[in-house]
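**Q** Chains A, B and C supply the protein sequences, listed in that same order. Just add 8 to wherever you are in the first sequence, counting from 1, and you've got our numbering. Just add 8 to wherever you are in the second sequence, counting from 1, and you've got our numbering. Just add 8 to wherever you are in the third sequence, counting from 1, and you've got our numbering.
For the record, the hints were derived by calculation from the structure and aren't laboratory data. Check before you lean on any hint, since a few could be wrong.
The list treats identical chains as one, so a pair stands whether inside a single copy or across any two.
[Claimed, not checked] The calculated SDA-like cross-link candidates involving lysine to any residue, where the alpha carbons are at most 20 angstroms apart (straight line), are: (1) Lys56 x Leu282; (2) Lys56 x Ser93; (3) Lys300 x Gln24; (4) Lys190 x Thr266; (5) Lys178 x Ala286; (6) Lys178 x Tyr217; (7) Lys312 x Gly44; (8) Lys56 x Asp302; (9) Lys312 x Ser65; (10) Lys56 x Gly249; (11) Lys278 x Ser48; (12) Lys312 x Ala286; (13) Lys312 x Gly47; (14) Lys278 x Asn53; (15) Lys312 x Tyr15; (16) Lys278 x Ser88; (17) Lys56 x Ser275; (18) Lys312 x Ile14; (19) Lys178 x Tyr254; (20) Lys312 x Val13; (21) Lys178 x Asp233; (22) Lys312 x Ala284; (23) Lys300 x Glu29; (24) Lys312 x Leu87; (25) Lys312 x Arg46; (26) Lys312 x Ile22; (27) Lys56 x Ser277; (28) Lys278 x Asp50; (29) Lys178 x Gly244.
Predicted model, so just to flag it, every value in this text is computed and none were measured.
Below are the chains, spelled out letter by letter.
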Amino acid sequence: QSNVVIYGELDAGIGQRYSGEDVGMISNYAGTSRWGLRGSEDLGNGLKANFNFESGSIELGDGSVGGSGSFNRQAWVGLSGSFGSLMVGRTTTPQNRVMGTFDLNGTADGSSALKAIGLAANGNLGGSRQNAQVQYATPNFNGLQLRVAYATNDNTETDKAFAQAAVSYKTGGLTIGGVIHKKMNDAQRTGYALGAKYDFGSIVVSGFYTRDETEDTRTNLGGGDGFGLGIAAPIGAFTVGLQAAYLNHDNNAVDGATAYELFGNYSLSKRTKLYAAAGYVNDEAERRGGYKEDTTFGIGILHKF
Amino acid sequence: QSNVVIYGELDAGIGQRYSGEDVGMISNYAGTSRWGLRGSEDLGNGLKANFNFESGSIELGDGSVGGSGSFNRQAWVGLSGSFGSLMVGRTTTPQNRVMGTFDLNGTADGSSALKAIGLAANGNLGGSRQNAQVQYATPNFNGLQLRVAYATNDNTETDKAFAQAAVSYKTGGLTIGGVIHKKMNDAQRTGYALGAKYDFGSIVVSGFYTRDETEDTRTNLGGGDGFGLGIAAPIGAFTVGLQAAYLNHDNNAVDGATAYELFGNYSLSKRTKLYAAAGYVNDEAERRGGYKEDTTFGIGILHKF
Amino acid sequence: QSNVVIYGELDAGIGQRYSGEDVGMISNYAGTSRWGLRGSEDLGNGLKANFNFESGSIELGDGSVGGSGSFNRQAWVGLSGSFGSLMVGRTTTPQNRVMGTFDLNGTADGSSALKAIGLAANGNLGGSRQNAQVQYATPNFNGLQLRVAYATNDNTETDKAFAQAAVSYKTGGLTIGGVIHKKMNDAQRTGYALGAKYDFGSIVVSGFYTRDETEDTRTNLGGGDGFGLGIAAPIGAFTVGLQAAYLNHDNNAVDGATAYELFGNYSLSKRTKLYAAAGYVNDEAERRGGYKEDTTFGIGILHKF
Numbered sequence: 009q010s011n012v013v014i015y016g017e018l019d020a021g022i023g024q025r026y027s028g029e030d031v032g033m034i035s036n037y038a039g040t041s042r043w044g045l046r047g048s049e050d051l052g053n054g055l056k057a058n059f060n061f062e063s064g065s066i067e068l069g070d071g072s073v074g075g076s077g078s079f080n081r082q083a084w085v086g087l088s089g090s091f092g093s094l095m096v097g098r099t100t101t102p103q104n105r106v107m108g109t110f111d112l113n114g115t116a117d118g119s120s121a122l123k124a125i126g127l128a129a130n131g132n133l134g135g136s137r138q139n140a141q142v143q144y145a146t147p148n149f150n151g152l153q154l155r156v157a158y159a160t161n162d163n164t165e166t167d168k169a170f171a172q173a174a175v176s177y178k179t180g181g182l183t184i185g186g187v188i189h190k191k192m193n194d195a196q197r198t199g200y201a202l203g204a205k206y207d208f209g210s211i212v213v214s215g216f217y218t219r220d221e222t223e224d225t226r227t228n229l230g231g232g233d234g235f236g237l238g239i240a241a242p243i244g245a246f247t248v249g250l251q252a253a254y255l256n257h258d259n260n261a262v263d264g265a266t267a268y269e270l271f272g273n274y275s276l277s278k279r280t281k282l283y284a285a286a287g288y289v290n291d292e293a294e295r296r297g298g299y300k301e302d303t304t305f306g307i308g309i310l311h312k313f
Numbered sequence: 009q010s011n012v013v014i015y016g017e018l019d020a021g022i023g024q025r026y027s028g029e030d031v032g033m034i035s036n037y038a039g040t041s042r043w044g045l046r047g048s049e050d051l052g053n054g055l056k057a058n059f060n061f062e063s064g065s066i067e068l069g070d071g072s073v074g075g076s077g078s079f080n081r082q083a084w085v086g087l088s089g090s091f092g093s094l095m096v097g098r099t100t101t102p103q104n105r106v107m108g109t110f111d112l113n114g115t116a117d118g119s120s121a122l123k124a125i126g127l128a129a130n131g132n133l134g135g136s137r138q139n140a141q142v143q144y145a146t147p148n149f150n151g152l153q154l155r156v157a158y159a160t161n162d163n164t165e166t167d168k169a170f171a172q173a174a175v176s177y178k179t180g181g182l183t184i185g186g187v188i189h190k191k192m193n194d195a196q197r198t199g200y201a202l203g204a205k206y207d208f209g210s211i212v213v214s215g216f217y218t219r220d221e222t223e224d225t226r227t228n229l230g231g232g233d234g235f236g237l238g239i240a241a242p243i244g245a246f247t248v249g250l251q252a253a254y255l256n257h258d259n260n261a262v263d264g265a266t267a268y269e270l271f272g273n274y275s276l277s278k279r280t281k282l283y284a285a286a287g288y289v290n291d292e293a294e295r296r297g298g299y300k301e302d303t304t305f306g307i308g309i310l311h312k313f
Numbered sequence: 009q010s011n012v013v014i015y016g017e018l019d020a021g022i023g024q025r026y027s028g029e030d031v032g033m034i035s036n037y038a039g040t041s042r043w044g045l046r047g048s049e050d051l052g053n054g055l056k057a058n059f060n061f062e063s064g065s066i067e068l069g070d071g072s073v074g075g076s077g078s079f080n081r082q083a084w085v086g087l088s089g090s091f092g093s094l095m096v097g098r099t100t101t102p103q104n105r106v107m108g109t110f111d112l113n114g115t116a117d118g119s120s121a122l123k124a125i126g127l128a129a130n131g132n133l134g135g136s137r138q139n140a141q142v143q144y145a146t147p148n149f150n151g152l153q154l155r156v157a158y159a160t161n162d163n164t165e166t167d168k169a170f171a172q173a174a175v176s177y178k179t180g181g182l183t184i185g186g187v188i189h190k191k192m193n194d195a196q197r198t199g200y201a202l203g204a205k206y207d208f209g210s211i212v213v214s215g216f217y218t219r220d221e222t223e224d225t226r227t228n229l230g231g232g233d234g235f236g237l238g239i240a241a242p243i244g245a246f247t248v249g250l251q252a253a254y255l256n257h258d259n260n261a262v263d264g265a266t267a268y269e270l271f272g273n274y275s276l277s278k279r280t281k282l283y284a285a286a287g288y289v290n291d292e293a294e295r296r297g298g299y300k301e302d303t304t305f306g307i308g309i310l311h312k313f
C-alpha cells in the first residue's frame, strides 16, 4: 500500500447568494466542496516525489462536480528537496498561494468582498489556477519564500501562456506578500498586487492593493486599482470580522465598485466550523458588470476530512 | 490522515434484461456498482460531523459512470448527536431509507417486481434521491424513528421542492414503515406508502401498499394504488424468494400492471454473493408505458468493499 | 474499513509530441496518468473476490480525465482461486496483458515506435481494452499461462463482440507470448501476434511480429504484417534502449511505415523515474494515415503511488 492521503471538504447551509435567487439550500458559500488524493515519496537525501489530484468544486445541492469530474483544481507531479520544490501540471498560481492569506475569511465564495467585485486576493490578475505550469518555489529562508511559474501555451482559448513571480515573508505576527503577473497572449493582462497582515493576538488586520495594467479599452474591464481592508477578532472558538473592497477604473475612476462582508465563524474542531456571513455590493458603475446593488447572507457548516 | 472510509460495490454477470436485448454481459442487475467516501468526526459530547460522497451507478460493461462522474448518489454534510441527525445536500429520501426494506431482494434493478412496474419501494412517490434536501432524523426510540425532509427548489427542471415524512418501527421480527410525500411544484405529486415485514426465522414475509394521489389526467401516469408481496427463506448460505407487485390506475382500474420476481442468492461472505434471478412483467395496459409482456433473467456476482 | 487499495500514476515533463505542436509542457509521454481502486477479499479455501476501478488517462496539462471521469480503463469484478481467475466487465484484453511486455519502454504513449505506426504491442489487433468481457486466465503452470476472453456485443458502435486467446511462457531470461484475435462484427478484423524477449542480464533483446488479416480494401488500413525490434541495457539506475518498428500492407508492400525510438530512464525509486526519449517516424506511404515524416522528444518524471 502506498502513502496516498485522501482528503476533502464539504460546505452546505441555508442562505441567499448574490444574484437574486430565492432563499434556499446553499453550498460552497464559505469554502469549496472537493475531494483529492495527494502523496509524497521519500527518495532519500531529502529528495521527495510529490503529487496532487484534486476535483471540485462539488455542488452539494445536486452532487455535480465542476469540470465534469476532472481534476481541474490540482493535477501535478514534482520533486522537492533542499533546492526547493518544483511542480509540473495544473495547479494554483503563485498569486493564489501567496495572496489568498490577505482575505481574512478564506476567500469564501459566497460572501467575500474582494470576490464580489472580481478582485479576489487569490486570483484577480488571472485565474486562481493555471494550466500547464512549471512552478518553482525556493526553500523557506527564515520566513522568506519566492515562487515563480511559467505556463506554456496549452492550446486552449481561456488559458494562455503566462508568467508570475510572487514573494511572501512572515515574521512574528507580520505577513507580507507581493506578486507580479504577465499574461503573454492576446489579452496582454499584466499587473501586480501587494498585501500585508498583522496579527496582534486579539485582532488581525489585513490590507491589500492590486494594480491591473491591462490595456483593454472596453468600458468596464481591465486597467484599474483595487483595494481591500479587513479586520478580524478571535473570541474563544468564535472569530468575527469585517472586510471591505473597492475597485476603480482608469478611464472613469469615480465610478468604482464597493463591497462589504461581515462574517462570524464558530470552530467545532480544527476540521469543522459553523459559519454565518453577510455581504453588500454596490457596482452600479458596472465596473465588473456584476451585481449592481445586491445583498447576500448564508449560514452553514464547513467540514474538512 | 483523516478517518475517511472508501467503500463501494460491483455487480456483473450474464443475462438478459427487460427490454429485449440479447443475452450478454449484464451489470447492476442485483445491486448498484458505485464508489464513495464517507467519514465521521467526533466533536466531543456525543456530537459528530458526518459526510458522504457517492458516485454511480457504474456500468461495468463499459466503465461509464451515471451523472457523468458526479456524486449524484450522495453529496451531503451534517451533524449528529443526542438530538438525532441532520443532513444537508443531495441524498436518498426518507422514503428510500424507510421503505426499501420491504423489497426482500434489495430493490435489485434487474429483476425487482416493484421496479418493473415503476413502483419501487424505495422511490415510487418521487425519485429515490432528492437534490438540495435538509433531512432530519430523530434518535432511535426503542426501534421507533421519524425522518422528515424538505427540499428547496433547486432550479432544475426535474427536482422540484418537496416535503416528506417517514416513520419506521422495528421490534423483534417485525418491521413496519410509512411515508407521506408532497411535491410542491407543477406535477403536484402527492401520496403515501405503508409497509410491513415479519421475520419468522425460517421465512420472511413482506407486504407493501402505496397510494399515488397525483392529479394527472394522462392515461397511464399518476393516480393509482400499488401493492407488493414478498416471501423469502434463508437456507444456510442460500436465500430464495418470490415477490409480486400490482399497480392499477384510478381512471381504468381493471387495466393494471403485474410483475413477478424469483430470486436466489448465495453468500460467499458478508460482502460477496452470487445471485440468480428471473422476472416476468405484464403491463399490456401500459399502466407505466413500460415493458408490455416481457421476461428477464440474470446470474452474477455482487461484491462490496 | 475494507482492504481497498488506492493507486495511481502521474507523468509530466517538457517536450514536443508527434504532430507538430510547439515545445511545451507534456503529460503522459512515458506513462499514463491515472487513479484507481482495487481490492481482494479472501473467501476461504483459496477463493478470492477481486475488483478494479481505474480512471484515466488524466492530462496533467489541464486536469481533464479521459472518458469524462468514467472508469474507462478498468471496471470489473471477479473470482480467483485454484481454478485460475475470472473477470467480468471492462478491462484490458488478453493481448494487452501478454504482448505489452515486448515493448521495452512500457508502450510509452509519446515515443513508442510501435504506437507511432498504429502497431502497439498491447493493442494493434483491437483496442487495448474491450467492453463487456468475460475473461478467464489459467493458473500459472511453471511459467505457462493461457488467457481467453469473449465479449458480447455491448451495443456500442466502437466495441463489438470479439474473442481472443493469448498464451505466455516465462523461463529463466526468456519470455514468449502469442495471441489470436477475432472481431466478429462488421470490421471482421482478425489476426495474430507473436513476441519473444530474452534478458541476458547486461542487455535485453525483444522481437515482435503481428499479422493483420483484415479484409479491408481501403488503401491504408488493414491487411498487413508488422515487425518490432528492441534492445535495452540497464546501467545501474539507468536504462537505455533503442526500438524500431515496421509495418507493410498487403496491397502495396513496398510502401511501409517505419518508426524508431531512443530512450533513457533513471530510477529514483521503484515508484519514481526520470525519463528522456526521442522518436522518428516515416509514414509517407500513409500506411496508417499518420504522421508522415515527424520527430518527437520529451523529458519528464513518472511517479506511481
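**Q** Are the hints correct? Go through all of them and say.
**A** Hints, verified against the model:
1. Lys56 x Leu282: This pair counts as between: shortest inter-copy Cα distance 13 angstroms, intra-copy 36 angstroms.
2. Lys56 x Ser93: within (9 angstroms within a copy, 37 angstroms between copies)
3. Lys300 x Gln24: Classified as within: same-chain Cα gap 16 angstroms, cross-chain 47 angstroms, threshold 20 angstroms.
4. Lys190 x Thr266: For Lys190 and Thr266, neither the intra-copy (26 angstroms) nor the inter-copy (43 angstroms) Cα distance is at most 20 angstroms.
5. Lys178 x Ala286: neither (30 angstroms within a copy, 45 angstroms between copies)
6. Lys178 x Tyr217: within (18 angstroms within a copy, 63 angstroms between copies)
7. Lys312 x Gly44: So Lys312 and Gly44 pass the 20 angstroms test inside a copy (12 angstroms) and across (16 angstroms) alike.
8. Lys56 x Asp302: Neither way: Lys56 and Asp302 sit 48 angstroms apart in one copy and 36 angstroms across, limit 20 angstroms.
9. Lys312 x Ser65: Within one copy only: 14 angstroms inside a chain, 26 angstroms across chains, cut-off 20 angstroms.
10. Lys56 x Gly249: Answer is neither: 39 angstroms inside a copy and 27 angstroms across each miss the 20 angstroms cutoff.
11. Lys278 x Ser48: Between. Shortest inter-copy distance 14 angstroms satisfies the 20 angstroms Cα cut-off; intra-copy 23 angstroms does not.
12. Lys312 x Ala286: Classified as neither; 22 angstroms inside a copy, 44 angstroms across copies.
13. Lys312 x Gly47: This pair counts as both: shortest intra-copy Cα distance 17 angstroms, inter-copy 10 angstroms.
14. Lys278 x Asn53: between (33 angstroms within a copy, 16 angstroms between copies)
15. Lys312 x Tyr15: both (8 angstroms within a copy, 19 angstroms between copies)
16. Lys278 x Ser88: So Lys278 and Ser88 pass the 20 angstroms test across copies only (18 angstroms; inside, 27 angstroms).
17. Lys56 x Ser275: Answer is between; shortest inter-copy Cα gap is 13 angstroms, intra-copy 34 angstroms.
18. Lys312 x Ile14: both (11 angstroms within a copy, 16 angstroms between copies)
19. Lys178 x Tyr254: neither (26 angstroms within a copy, 60 angstroms between copies)
20. Lys312 x Val13: both (13 angstroms within a copy, 14 angstroms between copies)
21. Lys178 x Asp233: Intra 25 angstroms, inter 66 angstroms, cutoff 20 angstroms: neither.
22. Lys312 x Ala284: Classified as within; 17 angstroms inside a copy, 39 angstroms across copies.
23. Lys300 x Glu29: Within one copy, since 15 angstroms is at most 20 angstroms while 44 angstroms is not.
24. Lys312 x Leu87: Only across copies: Lys312 and Leu87 sit 13 angstroms apart there, 26 angstroms inside one copy, limit 20 angstroms.
25. Lys312 x Arg46: So Lys312 and Arg46 pass the 20 angstroms test inside a copy (15 angstroms) and across (12 angstroms) alike.
26. Lys312 x Ile22: Within one copy only: 19 angstroms inside a chain, 35 angstroms across chains, cut-off 20 angstroms.
27. Lys56 x Ser277: Between copies only: 10 angstroms across chains, 31 angstroms inside a chain, cut-off 20 angstroms.
28. Lys278 x Asp50: between (27 angstroms within a copy, 11 angstroms between copies)
29. Lys178 x Gly244: neither (24 angstroms within a copy, 44 angstroms between copies)
Hint compliance for this structure: hints 4, 5, 8, 10, 12, 19, 21 and 29 are broken, all remaining hints hold.
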